[in-house]
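Sequence order for the protein chains is A and B. According to the numbering used here, the first sequence is numbered sequentially starting from 6. According to the numbering used here, the second sequence is numbered sequentially starting from 6.
Treat the hints with care, as some may be off.
You can't tell identical chains apart in this list, so a pair holds if it fits in one copy or across any two.
[Claimed, not checked] In silico DMTMM-like cross-links for lysine to aspartate or glutamate, where the CA-CA straight-line distance does not exceed 20 Å: (1) K69 / D209; (2) K176 / D161; (3) K386 / D330; (4) K69 / E179.
FYI, nobody ran anything at the bench for these hints, they're computed from the structure.
Protein chains: 2
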Amino acid sequence: MSSYHPLTVEEAIEIARSVPNVLRADKPVLCREIGDGNLNLVFHVRQPATGASLILKQALPYAKVVGESWPLTLDRARIESEALTLEGKLAPGLTPTVYRCDAELALTVMEDLSDHVIMRKGLIEGGVYPKFAEHISEFLARTLFFTSDLGMNQQDKKQLVKSFINPELCKITEDLIFDDPYTSSPNNSFDAHLQADAEALWKDGALHLEVARLREKFLTHAQALLHGDLHTGSIFVTPSSTKVIDPEFAFVGPMGFDIGAVIGNVLLNYSAQIHWSADETARRLRRTYLLDTVRDVWTLFDRKFRDLWESHGLDRMSRTPGYRDDYMRRLLQDTFGFAGCKMVRRIVGLAHVADIDTIPDARVRHVAQRTALAIGTGLIKNHRSAESIGELIDIAETAAAQG
Amino acid sequence: MSSYHPLTVEEAIEIARSVPNVLRADKPVLCREIGDGNLNLVFHVRQPATGASLILKQALPYAKVVGESWPLTLDRARIESEALTLEGKLAPGLTPTVYRCDAELALTVMEDLSDHVIMRKGLIEGGVYPKFAEHISEFLARTLFFTSDLGMNQQDKKQLVKSFINPELCKITEDLIFDDPYTSSPNNSFDAHLQADAEALWKDGALHLEVARLREKFLTHAQALLHGDLHTGSIFVTPSSTKVIDPEFAFVGPMGFDIGAVIGNVLLNYSAQIHWSADETARRLRRTYLLDTVRDVWTLFDRKFRDLWESHGLDRMSRTPGYRDDYMRRLLQDTFGFAGCKMVRRIVGLAHVADIDTIPDARVRHVAQRTALAIGTGLIKNHRSAESIGELIDIAETAAAQG
Numbered sequence: 006m007s008s009y010h011p012l013t014v015e016e017a018i019e020i021a022r023s024v025p026n027v028l029r030a031d032k033p034v035l036c037r038e039i040g041d042g043n044l045n046l047v048f049h050v051r052q053p054a055t056g057a058s059l060i061l062k063q064a065l066p067y068a069k070v071v072g073e074s075w076p077l078t079l080d081r082a083r084i085e086s087e088a089l090t091l092e093g094k095l096a097p098g099l100t101p102t103v104y105r106c107d108a109e110l111a112l113t114v115m116e117d118l119s120d121h122v123i124m125r126k127g128l129i130e131g132g133v134y135p136k137f138a139e140h141i142s143e144f145l146a147r148t149l150f151f152t153s154d155l156g157m158n159q160q161d162k163k164q165l166v167k168s169f170i171n172p173e174l175c176k177i178t179e180d181l182i183f184d185d186p187y188t189s190s191p192n193n194s195f196d197a198h199l200q201a202d203a204e205a206l207w208k209d210g211a212l213h214l215e216v217a218r219l220r221e222k223f224l225t226h227a228q229a230l231l232h233g234d235l236h237t238g239s240i241f242v243t244p245s246s247t248k249v250i251d252p253e254f255a256f257v258g259p260m261g262f263d264i265g266a267v268i269g270n271v272l273l274n275y276s277a278q279i280h281w282s283a284d285e286t287a288r289r290l291r292r293t294y295l296l297d298t299v300r301d302v303w304t305l306f307d308r309k310f311r312d313l314w315e316s317h318g319l320d321r322m323s324r325t326p327g328y329r330d331d332y333m334r335r336l337l338q339d340t341f342g343f344a345g346c347k348m349v350r351r352i353v354g355l356a357h358v359a360d361i362d363t364i365p366d367a368r369v370r371h372v373a374q375r376t377a378l379a380i381g382t383g384l385i386k387n388h389r390s391a392e393s394i395g396e397l398i399d400i401a402e403t404a405a406a407q408g
Numbered sequence: 006m007s008s009y010h011p012l013t014v015e016e017a018i019e020i021a022r023s024v025p026n027v028l029r030a031d032k033p034v035l036c037r038e039i040g041d042g043n044l045n046l047v048f049h050v051r052q053p054a055t056g057a058s059l060i061l062k063q064a065l066p067y068a069k070v071v072g073e074s075w076p077l078t079l080d081r082a083r084i085e086s087e088a089l090t091l092e093g094k095l096a097p098g099l100t101p102t103v104y105r106c107d108a109e110l111a112l113t114v115m116e117d118l119s120d121h122v123i124m125r126k127g128l129i130e131g132g133v134y135p136k137f138a139e140h141i142s143e144f145l146a147r148t149l150f151f152t153s154d155l156g157m158n159q160q161d162k163k164q165l166v167k168s169f170i171n172p173e174l175c176k177i178t179e180d181l182i183f184d185d186p187y188t189s190s191p192n193n194s195f196d197a198h199l200q201a202d203a204e205a206l207w208k209d210g211a212l213h214l215e216v217a218r219l220r221e222k223f224l225t226h227a228q229a230l231l232h233g234d235l236h237t238g239s240i241f242v243t244p245s246s247t248k249v250i251d252p253e254f255a256f257v258g259p260m261g262f263d264i265g266a267v268i269g270n271v272l273l274n275y276s277a278q279i280h281w282s283a284d285e286t287a288r289r290l291r292r293t294y295l296l297d298t299v300r301d302v303w304t305l306f307d308r309k310f311r312d313l314w315e316s317h318g319l320d321r322m323s324r325t326p327g328y329r330d331d332y333m334r335r336l337l338q339d340t341f342g343f344a345g346c347k348m349v350r351r352i353v354g355l356a357h358v359a360d361i362d363t364i365p366d367a368r369v370r371h372v373a374q375r376t377a378l379a380i381g382t383g384l385i386k387n388h389r390s391a392e393s394i395g396e397l398i399d400i401a402e403t404a405a406a407q408g
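Okay, chain A solo, but in the shape it has when bound (with noise of 0.2 Å):
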């Protein structure tokens, strides 16, 4: 069985049976095939009689995004088990228990979270999710950190970089990010409404430039292992439980892209939220409380980073009186940046959010559209100016007031 194919659903019951300490032998199991069928296989395995379950992932030699379908390399897959299982290392409890991968089958065999909601959905749902912050500064400082020239043995980090070469999927991120959504790309896709609004960003060369710096950045800035799309649909949540999953974009890059990715989509989720209820008390507590995560996710992460730089710092010359200063500085400018890039993507480019495209008044949408267009243009274009967290409040906070 060891060589590529798709699973059928015999075959991924045979391999959950062969984990050791998970399903019991003596008893029968269920098992559903519960992916999108676009990137991956993803097949859920339970046994009724224990309450035991498992997740395997495999990945398909294709990528489907909005009917197209191109050859993807299954290497991804190694690179998610890989990076999933040193991501819960460095950040125990935060991620998926990998059970077993399978580099010739592509997959991998992980902890069921069917006890967990995609934090997207929960965050369109309304919830509340009071440990969040405290968990995803946790992971984005203890993965970032020690899998950086500050926090790990120098040469050591250069095969890192080796073994995260993720040419496919960057590419993905290249194009689609960094690129498309600043011209009239045939990637693009959008409400016919925002025409207005795609055009002028197509023609704002001071956008432009700073959108070649980031993009640059991107491409270039081997900082840390990154998951490399963090955004809050791969993101596990309960009020107390937080696990952060699917790193296949895995590959050494600049921090900001990261933290940018999940403060981002959560200011997605602001641009929506404002607009979604009918009662003002309740929408202004919203959004208190999703501005309040993204402060918390900033400064929580700010915190522990120069916490483990102090405890854990491996580089002589980073000890450098004011330079850890200046380069917690130059991380928050970075954060600005792509989370400005992260969010006028999902507005104009090929892959929206539900955030936004689940409002169903079309003009409400609009609003909302507009007011994330608002937030990630303003944060990509002060990025370089930034000095605290407060100006990407102030930001928000002003594209909604006028939205």
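Let chain A serve as the given structure and place chain B on it in line with the hints.
Okay, now just chain B, sitting in the frame of chain A:
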């Protein structure tokens, strides 16, 4: 003969004879080992009857520097031969022809350049190389542009990063250039009369902050395939020819490190030459020649790199108005900073340069050393605000005048 062992003279001759179309089979050859024995064996094989000759360079599995010996990967021979081959393809005529590589033997068989002189030696002896700036700027512009995300397919470039992961050789640079000179390290070595100058370096917090940033850039900025050790000892010259050798430090890093290596090493010679001759007019002419060379290296590089960008740029976003100017400004700033680091380490660090160390009079040598330190620290401290190569010339002239 394909499993690794240091070659004998007889084996070197046998390999040389197996290269097609160089030596005649019916005529005798002579072979001499001319390496310094610290890192490599270098065999010079020549055929007096025909005048034909070639070089065999074989890596040794250790490095000896100032009496110390430590193991060093033979993979550097693969890196060197692959880099040399690629550079030769990108910058035709500016590297020795590679006849053969043998990865198992850690061996490169290449063109003999005995009709050239090592540029450091040539400059010390007062040589003038009117084509040097033209040639080295061509080498820099073409090798850096076509291995960057600007001029190379961006997915192939990621494979280039992977092929040239070079931890051991980078570690040497990280320690000897970006750490030791700025602290009282046992690796440092300098004349007793430099004690106060060295201590001033070790206490200069503003300087350390800039060096920490440059160190970070060296560690993380995967911009283009570098030669990695492009000082004047890695360049063979005649008045009409320039050949770059010894790229065993090659890796994908910040372009300014290569450009800065060239400029910093010419400035080390400048620091020495101005105190070298008793003849005031000769000194002034020499000084002018060297600074003109530095200026020309940058100016010609800048023009050629911009031209390549115009004619061969592959990245749509890189055509954003203003981006190229912004990129070239940052490249100049990196060049200032790395040139400065290259100078400082040659005065107080482990490995020095003959340009300065061979000055027999200790008092004159001290003036040269202080001039080099003043230029080096001036470049490092001012690198982030640099706007033109003229500022570098000013820093050099001011330091020389105060020497």
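>> Within, between, both or neither: how does the pair K69, E179 come out at a Cα-Cα threshold of 20 Å?
In response: within (18 Å within a copy, 44 Å between copies)
> Between the shortest in-copy and the shortest cross-copy C-alpha distance, which are at most 20 Å for K176 and D161: within, between, both, or neither?
Replying inline: Between copies only: 11 Å across, 25 Å inside.
> Is it within, between, both, or neither for K386 and D330, if the alpha carbons may be no more than 20 Å apart?
Replying inline: between (22 Å within a copy, 18 Å between copies)
> With identical chains treated as interchangeable, where does the CA-CA distance between K69 and D209 reach 20 Å or less: within a copy, between copies, both, or neither?
Replying inline: Result: close neither inside a copy nor across copies, 31 Å intra and 57 Å inter.
Violation of the numbered hints given earlier is confined to hint 1; every other hint is satisfied by the structure.
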